[in-house]
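K.L.:
If you count the sequence shown from 1, position 107 lands on 107 in my numbering, and the numbers rise without skipping.
If you are wondering where the hints come from, they were derived from the structure by calculation, not from laboratory data. Please note that the accuracy of each hint is not assured.
Here are the in silico distance ranges between beta carbons for each label pair [stated by the list, open to error]:
{"no.": "1", "residue 1": "G236", "residue 2": "S87", "range": "44 to 52 Å"}
{"no.": "2", "residue 1": "F20", "residue 2": "T235", "range": "39 to 47 Å"}
{"no.": "3", "residue 1": "D59", "residue 2": "D166", "range": "15 to 23 Å"}
{"no.": "4", "residue 1": "D227", "residue 2": "G75", "range": "19 to 27 Å"}
{"no.": "5", "residue 1": "E239", "residue 2": "S22", "range": "22 to 30 Å"}
With a Cα cut of at most 20 Å, we get these calculated EDC-like pairs of lysine to aspartate or glutamate [to be verified]:
{"no.": "6", "residue 1": "K182", "residue 2": "D123"}
{"no.": "7", "residue 1": "K71", "residue 2": "D59"}
{"no.": "8", "residue 1": "K71", "residue 2": "E61"}
{"no.": "9", "residue 1": "K71", "residue 2": "E100"}
{"no.": "10", "residue 1": "K71", "residue 2": "D27"}
{"no.": "11", "residue 1": "K71", "residue 2": "D36"}
Because the structure is a prediction, the values reported are computed rather than measured. C-beta atoms are modelled at their ideal positions from N, C-alpha and C, and glycine is treated no differently.
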Amino acid sequence: MNKEKLETISGAVPVLVMPFDSDGIIDEVSLHHQIDFCIAAGAKGIAFGIGSESDMLTDAERIQVWTLAAKHIDGQRPLVAATSHASREGTIALTHLASECGVDCAMVNPQPFQREKLVRLFDDLSQRVALPLMIQDVGQNASAGVLVQATQQAGRVVALKIESSDAPDKIGQVVAELQARKLTAVGRQITVLGGANGNHLPEELNRGSVGTIPFPAIIDAYQMVCDCFRTGNTTGGQE
1 MNKEKLETIS GAVPVLVMPF DSDGIIDEVS LHHQIDFCIA AGAKGIAFGI
51 GSESDMLTDA ERIQVWTLAA KHIDGQRPLV AATSHASREG TIALTHLASE
101 CGVDCAMVNP QPFQREKLVR LFDDLSQRVA LPLMIQDVGQ NASAGVLVQA
151 TQQAGRVVAL KIESSDAPDK IGQVVAELQA RKLTAVGRQI TVLGGANGNH
201 LPEELNRGSV GTIPFPAIID AYQMVCDCFR TGNTTGGQE
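Produce the complete structure using the sequences and hints provided.
P.N.:
Quick look at the structure:
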């Protein structure tokens with residue numbers, strides 16, 4: 001997929017569960033099957049996140065699974081990978097690595113960076129790595145205003161994943177502020193998605209999100225809810 005023409009990230013985008021064999025080696029065959037299952041179930045993207053044990057993999061294992069997934073998906077869906085690191089330079093290095101492996105979008109949880117440091121992190125990433133970015137907001141790390149400021153300043157941000165305890169309300173605030181600043185009216189495709197395994201999906205969609213990033217098990221149900229809201233059938237989506 002052409003990273004400069006990344007399609008909008010929306011709908012149900014499952015976070016893969018990393019399969020290992022009895023010796024602790026990544027099971028590539030099972031990973032292939034899991035990707036195929038998700039796509040057949042209607043997933044609109046594929047993601048590697050903390051649920052994929054991304055933070056526990058070696059760089060060699062990251063290269064292995066990111067490259068495998070990119071080749072297997074072959075542009076059918078956008079591929080998102082978590083590239084967060086405790087340091088700014090570590091995050092930038094992992095994001096470079098993801099780009100080299102064929103990943104389409106880097107999902108970055110900016111913790112422990114907050115306020116100005118958070119904004120600067122995404123600005124640095126935008127300037128130093130030619131890869132679309134997703135801001136992952138977990139655990140009240142940033143206010144809606146700071147998230148929108150980072151999005152405005154960092155030109156490569158294409159999506160936000162918001163999964164704090166007040167996610168529906170925060171999503172509503174972020175979407176309203178994006179619209180108020182006309183960030184979605186200047187040629188940029190910026191989407192807001194929920195997380196937390198889709199636990200608040202109908203409420204999040206009601207507040208302006210366009211999808212969710214859950215685990216794969218019932219991805220068809222998540223996508224069905226997203227489709228209902230997208231077509232205006234909110235009653236069907238809530239049922």
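K.L.:
Hint by hint, which ones does the structure fall short of?
P.N.:
3, 5
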